Amino acid sequence: MAKKVKFKLDGREIEADEGRLVIDAAKDAGVNIPHYCYHPALGNPGNCRMCIVEVAGAPKPQVSCRTSVREGLDVKTASDAVKRAQASALELHLVNHPLDCPVCDQSGECGLQNYYMEIGQYQSSVREDKQHKDKRIEAGPHVMLDQERCILCTRCTRFVDNVTQTHELGVFRRGHTERLELTPGLILDNAYSGNVVDICPVGALTDRDFRYKVRVWYLDQTDSICPGCSRGCNISVHTNTQRPWHNDGKRVARLKPRHNHEVNGYWMCDEGRYNTGSLDLGRLGRVLRLSPQKQDVSWEAAASEIGAKLRDGGVAFVASGMLSNEDWAAAKELFAGAKFYFSAQPDQIGEEDALLRRREKVPNLKGAEALGLSSGTFDELAKDLEAGKVRALYVVERDLAKIWGVERAKSLLSKAAFRVFQGPNKVELSESYDFRLPATAYVEEEGHFTNFEGIVQAYCKALEPIGEARPDWDIFRLLATAKSGAAAEVAA
Amino acid sequence: MSVTTATKSPFTAEQEAVLLRWKNEYPYPNMGLVEALRSVQDWNRRMTPECVARVAEIFELPFNRVWGVATFFPTFTQWKTGRKRVGLCHGLSCWLAGSDKMEKRLEETLGVPEKTCTADGEYSWESMECLGACEQGPALLVNDRLVGAATEETVAKLKESK
Amino acid sequence: MTKILTKHFDEPKLHELETYKRLDGYKGLEKALTLAPAEVTAEVLKSNLRGLGGAGFPTGAKWGTVPPVDKVPGPRYVVVNADESEPGCFKDRVLLTRAPHQLIEGLLIAAHAIGAKEAFIFVRGEYQNQYDIIEKAVKEAEAAGYTKHAKLMLMRGAGAYISGLDTALLETMEGKKAWPRQPPPFPTVAGLMAKPTVVNNVETLSMLPFILREGGEAFAKIGSAKNGGTVVFSVSGHVEKPGIYEVPMGSKLRDVLTLAGGVRKGHTLKCVIPGGTSMPPLMEKDLDLALDFDQIRAAGTFLGAGGMIVLDETADAVAVAHNIERFLTHESCGQCTPCREGSYWNEEILERMLHGKGTPEDVPNMTRIGENITGKVICALGDTVGMVTRAYIQRFPEDFKKRISDGQKS
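Chains as they are written, first to last, in the working numbering: chain A, 347 to 838; chain B, 18 to 179; chain C, 2 to 411.
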């Protein structure tokens with residue numbers, strides 16, 4: 347534990363850890379000091395000169411990202427001199443900036459814009475022509491680079507040098523000829539490339555997926571957990587419902603990482619980030635009986651029929667680590683006595699690395715484990731199906747065709763007398779069931795995931811469910827009530 | 018000490034040896050990097066990504082770091098210099114002594130604009146920042162050696178001294 | 002006038018060991034090696050020797066901040082800064098050419114004082130002639146057995162002015178872009194490869210043989226208060242006899258000008274840049290100013306590295322400021338925004354003025370830009386970027402007015 351010391355911040359006495367950077371200690375105390383180059387995970391090169399403060403006794407202004415807290419330090423962050431210094435640093439950042447905000451995707455979340463409104467608002471005194479640099483450089487599959495907008499804060503180069511150690515970007519040449527460029531022969535194509543867009547304080551690095559789709563001020567943000575693997579990166583789901591005709595009609599506009607020191611730091615991987623495309627594809631919105639013929643039914647009708655089938659035993663429950671802790675608990679109750687199959691199969695296994703990515707591409711196997719649930723193998727399930735031991739097969743979200751191949755899955759499915767599919771999206775064989783129940787996607791519900799280290803994390807509801815979709819746990823609860831025969835209660 | 022070559026080296030075996038020697042010249046390998054790049058500039062008269070990438074490989078450093086160095090220092094060029102790289106100082110004292118006039122003389126004498134190599138690859142010229150010979154301005158430099166003041170005579174003589 | 006460094010400059014073979022030895026060469030080192038390192042530092046402190054590369058920091062005090070070996074074990078280094086690149090400065094070139102052994106002796110004394118087993122001479126790349134001379138001299142010194150306590154190594158720069166700034170020099174030596182560091186830690190605590198490192202200028206180190214031979218007090222006596230010994234001015238520009246002139250610290254500007262033959266015939270003095278182009282100029286009224294680090298500051302400028310450029314009435318302040326800002330723009334490393342953007346902006350405005358397109362608003366605007374740079378940047382180069390144009394505007398407002406009104410007339 348660092349020693350606590352007292353220092354003065356704009357006249358207030360503040361307690362902070364000795365040696366903590368003034369910019370951080372001020373933030374802890376609710377004072378945001380403007381800055382571009384400083385990033386807590388990427389260091390403090392002190393090149394943007396925005397975080398200038400006055401320190402009593404110092405002969406000239408100091409940058410707060412390189413000043414450490416010590417006993418008796420007296421810092422002013424809002425004096426006239428500081429405001430002037432920050433406005434002038436901002437002005438120098440803008441001398442050669444194209445000011446193309448109307449066509450810039452960063453508009454609305456741009457460090458240049460925000461500080462201009464906060465501390466700038468001067469009349470431009472630039473009469474010279476702006477420097478022209480390269481624009482629309484396809485830096486990689488996800489990232490577009492505009493050199494004219496770049497303020498050379500070096501956050502992105504520090505990211506590729508120190509975090510991913512892939513070195514695809516560099517600040518080359520010198521002085522006013524300096525440019526942020528791709529390292530010759532390389533493209534920005536690493537597993538975490540999207541993070542450079544987040545850390546870019548201006549519009550120099552933008553997301554190719556997100557470019558020109560929707561203005562950021564039309565987006566709503568909701569705290570969530572990435573379901574892409576068992577890391578459970580904390581994310582913010584940015585949704586577009588205010589302007590439904592924007593963003594090609596997609597409700598989720600983008601995912602952004604949320605800082606969590608314990609889990610993901612400031613980052614998330616590209617796999618998780620760009621995983622939103624299929625969210626609204628083939629959504630199930632209606633409660634359907636599929637046999638003997640396709641027919642809309644009410645939740646209550648479906649529940650009472652399915653509930654009755656589950657009463658008789660011989661039930662196999664297939665699910666995946668996509669279920670929340672709440673879902674698992676409800677499933678444990680509903681499917682007591684049934685065999686569970688939820689282990690990650692090759693379709694849910696992928697690359698892992700030392701930074702964030704985990705091998706199993708589902709968020710919550712640990713939640714099942716914590717409830718004492720264990721998964722049988724899919725070979726066992728296949729054998730049981732072959733042997734006619736499975737009377738009722740209940741599948742949540744899982745695409746059996748991806749596990750067994752289409753033909754075999756089809757044949758195995760036909761061996762069960764009664765089959766239910768439940769999930770947010772259609773899967774390959776989702777027509778080959780007796781019932782199909784619409785469930786909410788993770789962005790339409792709230793719940794908890796337990797990550798691979800056992801950390802339980804909440805995710806919130808960002809969007810309304812589609813059609814009649816309900817959270818998995820809610821469906822299980824409905825079925826449990828029906829199963830126990832209390833149909834009247836269900837109706838209520 | 019040997020370094021494995023991932024790609025075909027753009028350097029000769031002798032040049033590779035020189036680069037390795039720079040790597041081992043000082044207490045820490047990185048300290049030889051600027052000198053190694055100076056050698057590359059001498060040999061190729063410019064910096065190319067292929068050459069610099071090989072230097073990075075030899076020094077076991079990320080390429081973007083070494084390319085940063087190779088594009089930062091004025092000694093290193095991306096345009097091809099002449100075998101005789103002529104520099105004319107245009108610092109304040111040399112400018113007071115008439116460096117702009119001598120720039121024109123250089124251009125006429127060598128027959129090429131600034132930072133352009135003559136067709137035979139022999140000469141190029143460029144304005145340089147202070148060469149540390151302010152008392153004999155405008156100072157003239159050929160291949161990093163000061164040759165005194167740039168005058169009508171000395172500039173004319175440049176071309177003769179093949 | 003008392004001379005220390007250039008005393009024997011009429012000896013044609015001073016650069017050779019034999020001649021140098023005949024003229025009391027290496028006696029200072031021999032003396033130093035009989036003393037404990039702390040005693041050498043104490044002698045240098047007594048001498049009031051100041052860093053002659055431009056900062057003027059007391060050399061002994063700088064050495065004193067190197068942590069002792071018993072507290073911080075491991076290597077420590079001395080680096081000679083022979084990267085002289087500021088317009089107006091060429092004294093190091095002459096010292097390297099004429100008296101390489103004087104520098105080597107000084108370097109070996111410094112190495113002993115701080116316990117460095119390895120020392121580096123960083124020579125700017127454009128001084129290849131001087132590099133050859135110093136390389137030969139190092140070999141002579143090695144052969145003569147002077148380098149038993151410290152190995153000497155040479156290294157060349159690659160054309161960047163900013164490499165002459167101590168921390169940027171260390172970055173260059175480490176094979177990086179010459180982006181200045183932001184102390185703390187200072188190089189004496191964490192310098193080359195994060196080891197304690199003393200970076201001293203050629204002229205500073207060259208003073209050490211005298212100090213050790215004759216004693217710190219004798220050296221201090223030559224100069225002015227807190228400014229021991231002599232200083233070598235590089236004089237160029239509009240003078241009759243450009244060249245280097247060694248004078249005691251505290252000598253009058255008038256006397257240095259006289260040594261250089263005065264303003265060229267038929268012309269009158271406009272101003273004198275005292276320390277290299279980055280320094281604000283002194284005016285005619287300052288002719289009786291005593292030139293040392295402290296007294297010159299009172300006149301609003303700096304001794305710098307003693308690169309004196311004399312301008313006569315033919316020099317136009319706008320064109321001079323433009324030349325200097327162009328230099329600084331070219332040499333700005335690009336690390337911090339105010340210097341990178343501000344230098345270019347200033348240069349562009351001045352260039353427009355030179356083309357007759359200046360406006361009255363440009364003058365207060367450039368003053369404002371300058372104020373917004375100086376003191377708010379990473380290094381001293383950036384400080385000067387904001388200082389130069391302001392200094393010429395302040396001293397020669399009529400030159401700027403004339404440029405603007407001439408432009409408006411045409």
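These are computed hints drawn from the structure, not numbers from a lab.
Note that the structure is a prediction, hence the values are computed from the model and not measured.
Treat the hints with care, as some may be off.
So the derived list for chain B, only partly shown, Cβ under 8 angstroms to chain C, looks like this [unchecked claim]:
| id | residue |
| --- | --- |
| 1 | GLU31 |
| 2 | VAL35 |
| 3 | LEU37 |
| 4 | ASN41 |
| 5 | VAL51 |
| 6 | ARG63 |
| 7 | GLU74 |
| 8 | PHE89 |
| 9 | PHE90 |
| 10 | THR92 |
| 11 | TRP112 |
| 12 | GLY115 |
| 13 | CYS151 |
| 14 | LEU163 |
Using N, Cα and C, we set each Cβ at its ideal position, and we do this for glycine too.
Do the hints match the structure? See the list:
1. This hint is violated: GLU31 (chain B) has a C-beta 20 angstroms from the nearest C-beta of chain C, more than the 8 angstroms allowed.
2. Because the smallest distance between the Cβ of VAL35 (chain B) and any Cβ of chain C comes to about 14 angstroms, over 8 angstroms, the interface hint for this residue is violated.
3. Because the closest C-beta pair between LEU37 (chain B) and chain C is about 15 angstroms apart, greater than 8 angstroms, the hint is violated.
4. Annotation: interface hint on ASN41 (chain B) violated; nearest CB of chain C at approximately 12 angstroms, more than 8 angstroms.
5. Checking VAL51 (chain B) against chain C by beta carbon gives a least distance of about 5 angstroms; that is within 8 angstroms, so the hint holds.
6. Interface restraint check for ARG63 (chain B): the shortest CB-CB distance to chain C comes to about 14 angstroms, outside 8 angstroms, so the restraint is violated.
7. Interface hint status for GLU74 (chain B): violated, as the beta-carbon distance to the closest one in chain C is roughly 14 angstroms, over 8 angstroms.
8. Taken as an interface hint, PHE89 (chain B) checks out: its beta carbon lies about 4 angstroms from the nearest beta carbon of chain C, inside 8 angstroms.
9. Nearest Cβ of chain C to the Cβ of PHE90 (chain B): about 4 angstroms, under the 8 angstroms cut. The hint holds.
10. Residue-level restraint check for THR92 (chain B) holds (minimum Cβ-Cβ distance to chain C is 4 angstroms; threshold 8 angstroms).
11. Interface restraint check: TRP112 (chain B) against chain C, minimum CB-CB distance 5 angstroms, threshold 8 angstroms, status holds.
12. At about 12 angstroms, the closest approach between the beta carbon of GLY115 (chain B) and any beta carbon in chain C exceeds 8 angstroms, and the interface hint on this residue is violated.
13. Contact between CYS151 (chain B) and chain C, as hinted, is supported at the beta carbon level, the nearest pair being about 4 angstroms apart and thus within 8 angstroms.
14. A least Cβ separation of about 6 angstroms between LEU163 (chain B) and chain C falls short of the 8 angstroms threshold, and the interface hint therefore holds.
Comparing the model with each numbered hint stated earlier shows that hints 1, 2, 3, 4, 6, 7, 12 do not hold.
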